[in-house]
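Visitor: Here is how the chains run, residue by residue.
2 protein chains.
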Amino acid sequence: MKDNANELQIETLVHSWASAVRKRDIEKIIANHSGDIIMFDVPEPFQSIGIEAYKDTWRAFFEFTEPGVFDIQDLKIFADDKIAFCIATMKCSEKNNSGNFKSLKFRLTIGLIKTGNHWTIVHEHHSVPAT
Amino acid sequence: MKDNANELQIETLVHSWASAVRKRDIEKIIANHSGDIIMFDVPEPFQSIGIEAYKDTWRAFFEFTEPGVFDIQDLKIFADDKIAFCIATMKCSEKNNSGNFKSLKFRLTIGLIKTGNHWTIVHEHHSVPAT
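Chains F and H, in that order, give the protein sequences. Mapped onto the working numbering, the consecutive letters of the first sequence carry residue numbers 1 to 131. Mapped onto the working numbering, the consecutive letters of the second sequence carry residue numbers 1 to 131.
Note that these hints are calculated values from the structure, not bench results. Keep in mind that this is a model prediction, so the values were computed, not measured. Keep in mind that a hint or two might mislead.
[Said to hold, decoys possible] Just the calculated beta-carbon pair ranges, DEER-fashion:
1) F:19 to H:73: 34 to 42 Å
2) F:91 to H:131: 15 to 23 Å
3) F:68 to H:43: 27 to 35 Å
4) H:81 to F:117: 12 to 20 Å
5) F:99 to H:31: 48 to 56 Å
6) F:98 to H:117: 25 to 33 Å
7) H:98 to F:117: 52 to 60 Å
8) H:24 to F:51: 37 to 45 Å
9) H:45 to F:22: 22 to 30 Å
10) F:51 to H:43: 27 to 35 Å
11) F:26 to H:131: 20 to 28 Å
12) H:31 to F:59: 36 to 44 Å
[Claimed, not checked] Which bits of chain F does chain H cover? Going by a derived footprint, with three or more residues having C-beta under 8 Å, they are:
13) 41 to 49
14) 112 to 125
Glycine included, each C-beta is placed from N, C-alpha and C at the ideal position.
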């Protein structure tokens, strides 16, 4: 149980989003996203601006990862009445050169704004450390 | 000029932090940072937790980058009374294998909380797209 109603709403929203990614359901993935979302994804491009570009990043993700694997390992939520952000460590499963899947840990930061009683994701930053 | 006093305070804080990075002044870099900061940096490690680990990431940065180059290209601030986050695109200058410097663009997300009248950075996420 989270400290306040905002944190609880956001926790539910983030888990619902991750579940939609596991199910590869694009419409559910974007259910709580701003049309102006700024996405920094694990692979190129450098940034994707707007919901259509955001949807494209998931189509690319589906090609190179194992269905059903998109796990929140640790989630911290910082929320006020109108602004919130989340810090998470995540796990998915990536196709390697020989076509087999291997586990991939990545970092995630999410930024949200609240309009009325509804939280909307305006920013996601997914990454792995550079090698 | 920002929309409100919180955004203005944060804009000043982020520019002051970037200036301290350019001057390689560790004490000024951490002037507005939480002891519990969670840092996701461009290179390994996967995450650095706490202010001492955060300082270590800058010592590594100083070894592999050109002094004086740490530029905010674009900065968006989302702030309420107690929680804020920033989205930025950034530029530094990285030493390549032959010892020359080349420009490196990276993505940055910052998370902040306000205590009293003072904003504190509790999270930074720096990254480049994976290749």
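Visitor: Run every hint past the structure and note whether it holds.
Guide: Hint check results:
| no. | hint | verdict |
| --- | --- | --- |
| 1 | F:19 to H:73: 34 to 42 Å | holds, 35 Å |
| 2 | F:91 to H:131: 15 to 23 Å | holds, 21 Å |
| 3 | F:68 to H:43: 27 to 35 Å | holds, 30 Å |
| 4 | H:81 to F:117: 12 to 20 Å | holds, 18 Å |
| 5 | F:99 to H:31: 48 to 56 Å | holds, 50 Å |
| 6 | F:98 to H:117: 25 to 33 Å | violated, 57 Å |
| 7 | H:98 to F:117: 52 to 60 Å | holds, 57 Å |
| 8 | H:24 to F:51: 37 to 45 Å | holds, 40 Å |
| 9 | H:45 to F:22: 22 to 30 Å | holds, 27 Å |
| 10 | F:51 to H:43: 27 to 35 Å | holds, 31 Å |
| 11 | F:26 to H:131: 20 to 28 Å | holds, 26 Å |
| 12 | H:31 to F:59: 36 to 44 Å | holds, 43 Å |
| 13 | 41 to 49 | holds (count 7) |
| 14 | 112 to 125 | holds (count 4) |
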